[in-house]
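Participant: From first to last, the protein sequence lines are chains L and Z. This note's numbering puts the first residue of the first sequence at 1, with every later residue one more than the last. This note's numbering puts the first residue of the second sequence at 1, with every later residue one more than the last.
Hints are computed from structural coordinates only; laboratory data are not their basis. It is possible that some hints are incorrect.
Note that the list lumps identical chains together, so a pair holds whenever it fits in one copy or between two copies.
As the list claims (entries may be wrong) - Quick list of in silico lysine-lysine cross-link-like pairs, DSSO-like style, CA-CA up to 30 Å:
no.	residue 1	residue 2
1	Lys156	Lys35
2	Lys39	Lys336
3	Lys336	Lys289
4	Lys156	Lys187
5	Lys154	Lys38
6	Lys289	Lys35
7	Lys25	Lys289
8	Lys25	Lys35
9	Lys263	Lys293
10	Lys343	Lys293
11	Lys417	Lys293
12	Lys289	Lys38
13	Lys187	Lys154
14	Lys38	Lys25
15	Lys156	Lys24
16	Lys300	Lys417
17	Lys343	Lys417
18	Lys336	Lys364
19	Lys289	Lys39
Quick caveat, the model's predicted, so the values are computed rather than measured.
2 protein chains.
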Amino acid sequence: MASLTPQNAKPFSLASTWLRVLPKKSCANVTNLAKNAKKLGQDDPRRITHSFKVGLALTLVSMLFYVQPLYDSFGSSTMWAIMTVVVVMEFSVGATLGKGINRMLATLLGGSLGFGVQQLATLTEKEDHSIVIAFSLFIIGAIMTFVRFFPGVKAKYDYGFSIFILTFSLVSISSYRDDYIQILACKRLLTIIIGSFLAMIVSICIWPVWIGEDLHNLVASNIEKLGDFLEGLGEDYFDESDGTKTVTNKSFADKYETVLNSKTREETMANLAGWEACHGRFRFRHPWKQYLKVGNLTRKCAYKIEALDCYISNDPGNKIKDSCQYAGIESGKALKELSSAIKSMTWFSTTTKAHIANAKGAIKSLNSLVKENTREGIDVLEIVPILAVASLLTDVIISIQRISEAVDELASLAHFKMTTINVTKPLPLQREGTIQPIMFQDELLYNITSSTSPKQYEISSIALMIHSV
Amino acid sequence: MASLTPQNAKPFSLASTWLRVLPKKSCANVTNLAKNAKKLGQDDPRRITHSFKVGLALTLVSMLFYVQPLYDSFGSSTMWAIMTVVVVMEFSVGATLGKGINRMLATLLGGSLGFGVQQLATLTEKEDHSIVIAFSLFIIGAIMTFVRFFPGVKAKYDYGFSIFILTFSLVSISSYRDDYIQILACKRLLTIIIGSFLAMIVSICIWPVWIGEDLHNLVASNIEKLGDFLEGLGEDYFDESDGTKTVTNKSFADKYETVLNSKTREETMANLAGWEACHGRFRFRHPWKQYLKVGNLTRKCAYKIEALDCYISNDPGNKIKDSCQYAGIESGKALKELSSAIKSMTWFSTTTKAHIANAKGAIKSLNSLVKENTREGIDVLEIVPILAVASLLTDVIISIQRISEAVDELASLAHFKMTTINVTKPLPLQREGTIQPIMFQDELLYNITSSTSPKQYEISSIALMIHSV
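Model the full assembly from the supplied sequences, consistent with the hints where possible.
Facilitator: Written as structure tokens, this is what we have:
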């Protein structure tokens with residue numbers, strides 16, 4: 001192949017090489033494409049069903065053309081029904097409903113205003129019609145375009161305003177040439193309504209994709225991912241006898257990369273979910289905005305964990321104490337409790353609080369451990385990483401507490417099932433012993449007995465712990 | 001007003017109250033709306049000019065209706081030109097070009113395929129026409145909808161695929177009813193080209209909004225915001241004699257909230273900027289993707305700073321040493337150098353590297369300071385916050401270095417002006433003295449003299465410092 005540089009290649013040999021290489025290359029490309037397509041379908045099979053749904057909706061709407069009586073009543077306006085189906089049919093029910101409703105209302109209002117302008121134009125001389133129409137087109141076009149910049153409008157009604165300008169322009173300009181503009185506009189509105197309803201019915205009735213449910217699951221799974229990472233912090237990382245970081249940790253970092261950048265996605269989903277009426281476990285006016293609050297707090301927690309992760313990877317040589325590991329496991333469990341509470345829509349606040357309290361207790365005991373050690377003359381700089389991890393973990397625990405409060409609020413707003421668990425059985429403490437909840441002077445205490453080195457975490461009341469920050 | 005609860009309110013008094021309250025309320029609403037509109041316009045005056053541009057484009061395209069010879073040649077197909085202007089006319093040049101080109105190509109290809117299906121249908125019996133058309137509609141609709149899920153297609157050609165399905169459906173279905181479909185399809189294509197070009201010309205020629213320039217400025221200003229914060233860390237926060245956090249810091253947190261969540265926005269902008277040809281300082285094929293790399297590293301740096309900020313706000317009572325302040329100021333300066341390098345498209349790598357080296361030196365001296373202090377028997381837990389801030393600052397400095405490398409790459413890809421500055425004048429050191437760059441055995445050293453407490457930072461060669469991590 002080195003002989004085929006542009007300097008010495010003869011046209012014939014170049015062509016023959018291309019002829020040999022091209023089929024292989026295009027074959028590889030096709031295989032690659034097929035692999036990608038398969039992966040897309042496997043990642044979310046609803047993509048395949050959605051594609052068939054669009055095909056079905058198109059075939060259904062084409063019936064308006066084939067069936068003579070239907071075509072007789074609408075004529076060439078039927079094409080608006082086809083356009084509507086193509087444009088309105090979105091992946092999720094919320095997006096389809098939002099676009100359909102926006103399109104129908106905007107066509108009605110834009111058409112009415114266009115008709116009003118036509119009436120206004122007829123009050124003037126015939127020669128001035130075009131001036132009145134052009135002037136109103138300029139003014140209404142400019143004003144409506146500016147209104148689209150309002151954040152509230154942009155989020156939910158952007159498409160509607162675009163269709164409003166479109167219909168207004170079409171109706172008002174057509175009125176200059178066509179005297180039967182009212183009939184035409186009515187037919188257009190009617191076919192757009194038919195197309196919108198067809199798209200909405202197909203979207204809702206055949207394998208519906210509820211974006212609200214997706215948002216619900218996304219928020220819960222983001223929390224779960226962080227919980228997995230924190231638990232893994234204890235199990236995978238600290239447990240390595242030589243202290244080096246395992247390769248699996250890399251995938252944790254990748255995992256919460258999606259958590260860190262989910263804000264825009266969550267906001268779009270919450271806006272679209274607002275269009276969906278009650279479905280499945282979700283009632284009408286489900287508090288979708290509260291999910292954004294939980295999502296924001298989850299991201300803040302993820303920023304802390306990101307810092308924690310970098311810290312650990314920068315100093316892999318240091319031995320981190322049991323308490324750090326325990327705090328990581330307990331805060332991971334707290335997050336997983338929160339995630340499963342959202343997923344199952346059942347709220348046990350007590351167990352989450354117990355895990356948070358345990359994690360805090362571990363950090364507290366770590367601090368006193370450090371104090372003792374340094375009195376014995378250990379080099380401070382050697383325990384700096386431990387201290388840094390401990391202080392970052394404290395931050396993580398505080399932000400978990402904030403997530404817990406937001407989930408609590410969500411639970412009451414969204415009418416989660418409320419369950420109180422009486423913690424009487426000892427919780428198993430990994431590798432270290434057990435935590436025994438005990439009642440002492442009306443306060444719930446945790447008595448932690450370690451199998452390796454007997455020590456007691458004196459944690460006062462959970463309530464006190466949780467409100468002390 | 002307490003008497004107007006639904007239980008005891010009489011219809012008459014309720015109505016009169018409404019009559020009294022409503023005008024005031026709507027008056028307040030209108031004032032509020034006007035205020036919001038004014039703010040929207042002031043925040044970005046290009047919103048107002050864009051609105052007028054849309055109005056102008058609509059008025060211009062309506063001329064196709066008023067001018068008899070033009071209307072004679074296109075007839076009712078003229079409405080496609082209006083639709084095209086409304087839909088294609090976007091805020092930025094990139095978005096308008098992208099939509100226009102997508103729309104024209106998709107109409108051409110979709111129409112051709114639709115015509116092909118019509119030809120295929122004519123090969124069959126007349127009664128089977130509708131079956132062939134309906135079947136191809138289902139298959140092509142489903143396949144093209146699935147293709148829209150490919151990430152590469154979704155990012156740049158989603159609109160084109162939607163228009164492809166639309167045109168294909170319209171042409172193939174219409175062919176069932178209309179034998180002159182080719183002429184109609186050609187007219188439609190022609191008016192769509194006219195509308196697209198009109199929108200693109202208005203978008204480019206009248207106060208153009210180049211999204212590439214916006215991306216360029218966004219990336220630079222995000223880096224600058226972080227620099228401001230780090231400099232402020234030294235000046236505003238640490239400098240307070242009582243150590244409490246000043247109120248202005250709250251606004252810093254708000255400022256980099258937008259930095260943290262800019263990923264989606266930057267990606268959209270880079271995709272749209274790809275449609276823009278050379279303009280102003282930007283050549284054809286400007287490396288927009290490299291801005292995403294710089295942006296990603298900026299966000300990673302912001303995560304670290306977020307952790308730093310929380311740490312500081314959690315422990316406001318502790319005195320933080322001079323070195324921390326100095327490291328903050330120097331890393332802030334490094335970021336601001338990077339930001340102004342991007343803004344001015346002129347790259348001085350030496351000064352940035354000097355600031356980074358200075359910041360590292362400050363952290364180094366801090367560590368030795370801590371070592372000395374603890375030997376003297378100071379309580380470790382009291383200096384934990386200092387240690388944590390120092391370790392987080394180290395992380396921040398490392399990520400600034402990565403940003404610097406990415407900007408270096410950007411500078412060579414985008415052909416920034418390269419300038420080497422010979423650092424011979426002493427850099428002023430705020431509140432503390434001066435940094436004197438000195439040459440010692442072919443290595444650039446920085447001699448820092450403090451006005452308050454004389455001390456020397458021994459920093460070996462910058463190159464060594466920068467490659468040691």
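Participant: If a hint holds in the structure, say so; if it does not, say that too.
Facilitator: These are the hints, each one checked on the structure:
no.: 1; hint: Lys156 to Lys35; in the structure: between (36 Å within a copy, 21 Å between copies)
no.: 2; hint: Lys39 to Lys336; in the structure: within (29 Å within a copy, 43 Å between copies)
no.: 3; hint: Lys336 to Lys289; in the structure: within (22 Å within a copy, 37 Å between copies)
no.: 4; hint: Lys156 to Lys187; in the structure: within (27 Å within a copy, 35 Å between copies)
no.: 5; hint: Lys154 to Lys38; in the structure: between (35 Å within a copy, 17 Å between copies)
no.: 6; hint: Lys289 to Lys35; in the structure: between (38 Å within a copy, 26 Å between copies)
no.: 7; hint: Lys25 to Lys289; in the structure: between (50 Å within a copy, 26 Å between copies)
no.: 8; hint: Lys25 to Lys35; in the structure: within (15 Å within a copy, 60 Å between copies)
no.: 9; hint: Lys263 to Lys293; in the structure: both (10 Å within a copy, 19 Å between copies)
no.: 10; hint: Lys343 to Lys293; in the structure: within (16 Å within a copy, 35 Å between copies)
no.: 11; hint: Lys417 to Lys293; in the structure: within (20 Å within a copy, 45 Å between copies)
no.: 12; hint: Lys289 to Lys38; in the structure: between (35 Å within a copy, 27 Å between copies)
no.: 13; hint: Lys187 to Lys154; in the structure: within (29 Å within a copy, 34 Å between copies)
no.: 14; hint: Lys38 to Lys25; in the structure: within (20 Å within a copy, 57 Å between copies)
no.: 15; hint: Lys156 to Lys24; in the structure: between (49 Å within a copy, 28 Å between copies)
no.: 16; hint: Lys300 to Lys417; in the structure: within (27 Å within a copy, 39 Å between copies)
no.: 17; hint: Lys343 to Lys417; in the structure: within (12 Å within a copy, 55 Å between copies)
no.: 18; hint: Lys336 to Lys364; in the structure: within (23 Å within a copy, 40 Å between copies)
no.: 19; hint: Lys289 to Lys39; in the structure: between (32 Å within a copy, 25 Å between copies)
Hint compliance for this structure: no hint is broken.
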